[in-house]
Amino acid sequence: MNALEFPILSLMTYLPLVGIVVIALLPKESKNGIRWTALAFTVADLLVSLWIPAYFDSTTAEMQFVEKVSWIPSIGVTYFFGLDGITLWLVMLTTFLSVITVVCSWESVSMRLKEYYAFMLMLETGMLGVFFSMDFFLFYIFWEVMLVPMYFLIGIWGSDRRLYSAIKFFLYTLFGGVIMLLGILAVYFHHGAETGTYTFDIFELMKVSYPSTPVVTLLGIPFSFQDLVWLAFFLGFAIKVPMFPFHTWLPDAHTDAPTAGSVILAGVLLKMGTYGFIRFNLPMLPDATQHFVPMIMILSIIAIIYGALVCMVQTDMKRLIAYSSVSHMGFVMLGMFALNFQGVQGSIIQMINHGLSTGALFLIVGLIYDRRHTRQISEFGGLSKQMPVYSTLFAIIMFSSMGLPGLNGFIGEFLILVGAFKVNYVWAAFAVTGIVLGAAYMLWLFQRTMFGALENPKNANLPDLNARELTTLVPIVIMCFWIGLYPSPFLSRTEASVNYVLARVHKEQTVVEPYLSDSTEPAAGQDEAGSEPGHGRPVVPVHEPASGDSIGPALSGSIRLTTGSAEGSR
Amino acid sequence: MDMKLVALVPLLPLIGVLINGLFGAWIKERAHLIAVTAAGLSCLVAFVVFFQTLGGATLDWDVYPWLNVGDLKVPIGFLVDPLSTVMMLVVTFVGFLIHVYSIGYMHGDRGYARFFTYLNLFMFSMLMLVLANNYLLMFLGWEGVGLCSYLLIGFWYEKKSAADAGKKAFVVNRIGDAGFILGLFFIWTTFGSLKYTEVFAAVNPELGVGIYTTITLLLFVGATGKSAQLPLYVWLPDAMEGPTPVSALIHAATMVTAGVYMVARSNALFNLAPFSLEVVAWVGALTAVFAATIALVQNDIKRVVAYSTISQLGYMFLGAGAGAYPSAVFHLGTHAFFKALLFLGCGSVIHSLHGEQDMRKMGGLRKAMPITTWTFLLASLANAGIFPLAGFWSKDEILFNAFVRGLTIPWLLGLIGAFLTAFYMFRLFFQVFTGHFRGDHHTAHHLHESPPNMAYPLLVLGVLSVIAGLVLGFPPDHGLYHRYVAPIFEVAHESEAVVEHAVSAATEHAAGASELVMAAVSLAVALAGIGLAYLFYVKRPDIPAALADKLRGLYNLLLNKYWVDELYEAIFIHFGKRFCGFLWVVDARVVDGAVNGSSWLTMRLSAISSWHDMKIVDGLVNAIADLIQGGSFTLRRLQTGAIQNYILAMALGIVGMVAFYLFL
Amino acid sequence: MTQVFNMADLSTTSPEVILSLVAMGILALDFIAPKGGRDWLGYLSIVGVLGTFIVLIRQWGVTQSAFSGQYISDPFAFFFKIVFLVSAALILLMSIGYLKSERIDKGEFYPLILFATLGMMLMVSALDLLILYIGLEMMSISIYILAGFLKRERRSSEAALKYLLMGGFSSAIMLYGIVMLYGLTGSIGLREIASMISADTVSNPALILGMVMLVAGFGFKIAAVPFHMYIPDVYEGAPTPVAALLSAASEVAGLAILLRVFLVAIPGLQDRWTLLFYILSLLTMTIGNVVAIAQSNIKRMLAYSSIAHIGYLLIGLVAGRELGISAVLLYTLIYAMMTLGAFAMVILLCVGEVKGERIDDFTGLAQRSPMAAAVMLIFLLSLAGVPPTAGFVGKFYLFGAAIERGYVWLAIIAVINSAISLFYYMKVVVAMYMRDLPPQGLTLSSSTPLRLALFVTVVATIAIGIYPGPFLELARASVAGLW
Amino acid sequence: MVPLSYYLILSVILFGIGMFGALTRRNAVGILMALELMFNAVNLNFVAFSRYLPQALMQGQIFAIFVITVAAAEAAVGLAIVLGLYRNFQTINVDEINLMKW
Amino acid sequence: MTVTHVVFFLMAAFTVGASLLVVLAKNIVHCAIALVFAFFGVAALFVLLDAEFLAAAQVLLYVGGITILLLFAIMLTSRISAGGVKIMNEQVGISAVVVLAIVGLLAYANLKGFPALVPPLTMADNTASIGKLLLTTYVLPFEVVSLLLLAAMVGAIILARREREKD
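Residue numbers (this note's numbering), protein chains in the order written: chain A, 1 to 570; chain B, 1 to 664; chain C, 1 to 483; chain D, 1 to 102; chain E, 1 to 167.
Be a bit skeptical, because a hint or two may be false.
[Said to hold, decoys possible] Derived BS3-like pairs: lysine-lysine, alpha-carbon spacing no greater than 25 Å straight-line:
1. B/K367 - A/K458
2. B/K550 - A/K385
3. A/K458 - B/K160
4. B/K159 - B/K28
Calculated directly from the structure, the hints in this document are not laboratory data. These figures come from a predicted structure and were not determined experimentally.
Given only the sequences and the hints, what does the whole structure look like? Please build it.
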């Protein structure tokens, strides 16, 4: 069912590696050569990735562009790449941000360029791999691989306490990862024992339901096998998100990472946690998911409010933004575990939004850091006099990040809140306070840096943005407006997959396996149930997905109820 | 012609925004050409649309689906009905005038282009707000105007006070919005839609009063934020930091009335929630008096007008609360005219005094600037509610309806408010325009009437302030205006039965009281206020000071606006800061610490200090660490380098294992 | 019972025979070797090892016992012999350069390594405690000597003494265990012993005593806590290639015979020794990792890390069954490759005064030679078990085995440990990448064979990581006939 | 004839004495001697078993011979090492030989 | 209480005494001498166990070989008249405890573990059979041990040989 007949996903994943080879061959001296090579390869990757939404079939939750070959047959590991609505935009975001990061580090990074861009490209490979892998083993490999280049980016090109932050980042995430690995193994062996076939193919693994009867009691709370596995996954993903008690690596990592590092970290790496939840925890362990909803909700709300409050007292711009993303990711989790259509849709779109706006915020801090080599808010003030364009873009991004209607942030937050509200309006009420606080700290940051008189002489003649810097920000701004004003193209493509996930979570009967290992694939077809078109899209009674893939104004939307409608008026 | 022209009304300003926004750097001093044209055209189109609606035609047009997520379907779409048309006219017309006015007022400012960009952006947002056909889109406009007011208040961002005021406005509004958005959620979960038509179609009393009360109260929280009612009014006075045209347009004529519009728009919901209606009425009445009292003693000319605005908005809510939505909206319109006029008047005064805003340094300006003086007088009269000016009709209706609905105490408050209004308006007038000039000579010589492009708007608005009421609002409750907007409030009227019933007792004797009497009363009250003002500030200028001395406490209380700002400051800012700081410490020390604790212990366990990068955690974790330290050293010290210790370890191991197996 | 040895015996032992002939031949050739020019002896012994390898390959998949069942060449032995021979070849490659840089002009170094290897090969093939003992001693004695090979280096002779005295002690303990078994079963053949142990004898205190003594004796060889203490000192003092030999070959050999004896001779006591190894495994990996953090000398650090890895390996033994044991086998191969690589890196930096032993000696390596730094990085990541390196695959199977058998806590402790381990491995990475090159610069050994060794190890580390399938198959096949 | 247990106990005692020596003697040579005592203890066991066990085909004695041989080899190497050590440290008291620790 | 008993106890006592002397004697030379007697004692016990060949081997290898080596080593290393030098390290006390514990455990295990066996009647000349076994069944260990000795010899030579200062 690969719409394109060539392995586009692998191409995308390994193209950057080719870039690394090329860069390795270049002489150390030709700095621009290295830069251009890196740019060329990331742009190439972006262009290739543009094919995906073009060929993407939004009517189905099935895996698309599938590549599946046996890899380690003896333990049932397959090289299984695929893509569905959940990952579609995350992938696009990755390729998009990769280009931007390369551009934004054009001048800010001048030391040890070869390694720098090599690591950047390696990072892109790792991230894409994580999103594409539909085999647990493969997934885990990419999951860990991704850490290494990030570790170096922070550790080598970072600022003040970079060593500490780097190792902290690495240890936290690795720790979460290894615990998750145990969960993976548990699922793997349980499935093997149940069915007799040992495989890491996650859709095979989803076919059995894991026991949800309590097996052990810790601290007086009974835990079932599912719960334990769920918790193992949770630890892995929650640290990455990061959720409330596990968030402390994030401010350090963000603060000390180089701009590009922060952008990627906020833009993509954090999403892998939430992605993990929606890809594995929800569909694979529905009972446990239901079981843990309250916990997640409370943690998320704490994260939302707590993160926002802590932002208020930050003196370092980056640290402030880092905490703000703790708050935003709290929203994402909140929406996801509302476990209804709006919530999950919202959390997916919010992942993208956060990637765009927080990424852009880090770019903005980076730009000023390049000029002044400090991130202390107190150092600035009145910049909009000196740098009007800069401050304008800053303002737009800021408003998108605080969820102003018309910009992307609002779409996500609104959907999430709607979803949460459907489940429990007290939660929603609490979360809404997060929005208020969000406005408060963002505006405060903006005012302290951009407004007021230009007192600090050091800022007296800072240059405004040049063309290169504009090219990093403007595309993001455009995306922000697009998603904010016309999100349908984004939302409609994820519907089928979201419905599938929800169907799994709520144990709907009409679930169709999203990846039907049909006859074309080596790994033998179990059920032909949905391989013929039509069954492809799971029908979930609760929500009928919105009308079609509404490209272009769809008047059909909702005229029917209106009395004095356009027709009626003449 | 096609009513879908309405799309042009917000679109034209948006185009203006794009042009000025992107190319402002090059357009610079010619920015007004685009901006004013855009505003003018959209005003024109607005009238075209208006004429089409006269036939009772309405339009509910979904342009394209904005949010289609499962059963949540929100279009970008317009609703054109009398209510929105009225609002649209007010916004575009006043907006246009103020655009024109700004050409002169903002002349030569660094941010000329920026200013007009913002102004157009505001027009756009405000029009989206009033033309939206669903609550979410209204919320978009709602936030949009908030944004613009933020930008325009902080227009002179280099003034810290301005920037602060901008932030304050936005954040306070956000608090209201939180309520608003929760209200939206309730609406959606209750009626399964956010489109007005669908929501109101789905309204029925069976759902029980509770849900309606919840929804409406939450919506009203939003309204209080936007329309500067108690307790969220604090931002509006500070908003005067912005350029005066902005104050006129946003903080008098249009944006602040959005709350009223929203309540009127949701009348179907409010009518089923009598309690909410009472709340609205009370808050309105209280605000009216509260703000008026503060206005009595302020010396900043714009602040007086600002508090008067708050107070007038209070009247509108009183009207809405009384179920007299048409009157509320009517007052909204008239108020838009004369309050805009007042502000523009202040503007030209300040303009000619080179930014001087303290009334005590003014006086006797009527010689220098006649047009301003006369228009200002008209506006003041209108605001004071003197027959037959615009203000009279609308305010009178409101008070009457309040009385009829048996809201006796709010009605009384309203009357007191009317008296105070008249007093402070003329205190202002007399102090500024009569008597002799109290400023320094330099300014005295440069006193001048404003340039024509500032004067004409004054005249136009002056005319309107005079006639609007009479033409549209006579006879009360059945004027042209009322007949025009009637269809929307049909629902309201029939379901008034509910309200009626709820307060029947009061209605009985109210019915007797004829409207004329009421009118007379309020008029008398107003005149009394003027008289007192005349006495204080023309005849016996010494009295106020004496009075101030006598009632020092009260005076200070009013002068310092009841110390509300300080109160909020103390509660929210200081305490909040402390709390956040505390959390931050917690985060750095405990949460982080607890996790780092493990690594810390690990390192102590291996007695490593060289890895100084990791020195972070103290407090609790530290204690534990020190506790363990002793034992940890031994662990490393085990590696003594002395062979026989090693052998001993082996031997011990063997003993342990053997014993373990043989005896355990 | 009397049976003169025949061609079958000879063919079975052919690899060992070849190797011993090579060793003796080189000893002889050493006399005619010119002063200073003794490299060719090294190359010659490598050729010999490869020859042995080729001969060994002929035994692929065959299972034949010789010398009236005292000696067997089965897939199990085959697998380990491959590990030993590859390690030996690599160590020889490193040694050539090392001896030069240390200015040691003695040809005996190579044959001694060969003798040690021979001892290991005998051990893993032994089905009889006597041969096992002699093989063990052969290995040990050769390594005692090698450890003391830097005669003017005080630490070297100290290492030799420590190793010798403790080795003697441990073999006395082990012998006592053997004699207990012998006394109870009247036999020294593993299979016979197994046949003599019945349900009613398993609780016999003497038997348990024997088992414990064996655990102690083998535990010393594999450096399991609390028998590990000589390891750091010996690693630090001994010549680096010898340290490599110790960690990559000698400990692995100890593990091999541990498996062989406990699985073949006393499987009857499985539930008892499983518990024992459970505890040992926990202690070993935890202490190894924790103490490693404190080290500033990379050889000591590698020593502790090797202890930790033994801890991981024991997990496989605890899990038992085919999966567990095959996991152990696979991991020994992987572990040998990556640890050899790490030691090779140490030798690469061991030039003149710089011994490459302090972690600080690695400072700025990334600027000096990105390639070398990258190679070291791969080894360290592999040791820490970060994919896609071989180390990850190995740990994956080990922990998998544990999980499958329900030893969840053991697995959890293990993964936490591997997270800890990352911490001290990263210290080296920090030195290499995140500190600037010291002014006096950094000189690398120019020895070609050493670079070859590095190449082989790094390729192996990556290859097994990326495509572990065949290796896993091999490991599985190798344990098949063990029961 | 004396029961087997006598020999076993005797060997245990010898083993213990040897171990004690190995644990306490400062002199490296002394430790080597102690180790030899332990080997002897083991040998005694081997021989005793091979004498007493019915089915023990003298394997015990064979083993003992090899143990003796190996012990001899070990002793030789050990003494060589001790000599080298003495050259480097001018002492063979093992508790003075601890360059490498921690 | 047969003659063998008497002999056994004598020999046992003699051996134990000598061994104690080995580990406790102040002067290292005395220890060496004591060691010789201990070896003799064990050899005698071997004879008592009908292992004449082994006894011979014991005497030859140990008394003849190892002890001489040890004495040489002593002569070459320790300063003579090591009077007053403390011969035990600090961990005597704990070592004693540990050793006693181990001895206790071993004794317990041995006594509990082994049944009282009646030895078979003394077999034919075991020297011959040993030789036969060594060259047939145990030929492999026999060959290997020769290699081992070779390695040991080479090593011993390398290590013991005095490094003459080259370069």
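Results for each hint:
Taking the CA atoms of B/K367 and A/K458, the gap is about 50 Å. The hint is violated against a cut of 25 Å. Our distance criterion of 25 Å between C-alpha atoms is broken by B/K550 and A/K385, whose separation comes to about 48 Å. A distance of roughly 20 Å separates the Cα atoms of A/K458 and B/K160; the hinted pair therefore holds under the 25 Å criterion. Taking the CA atoms of B/K159 and B/K28, the gap is near 22 Å; set against the 25 Å cutoff, the hint holds.
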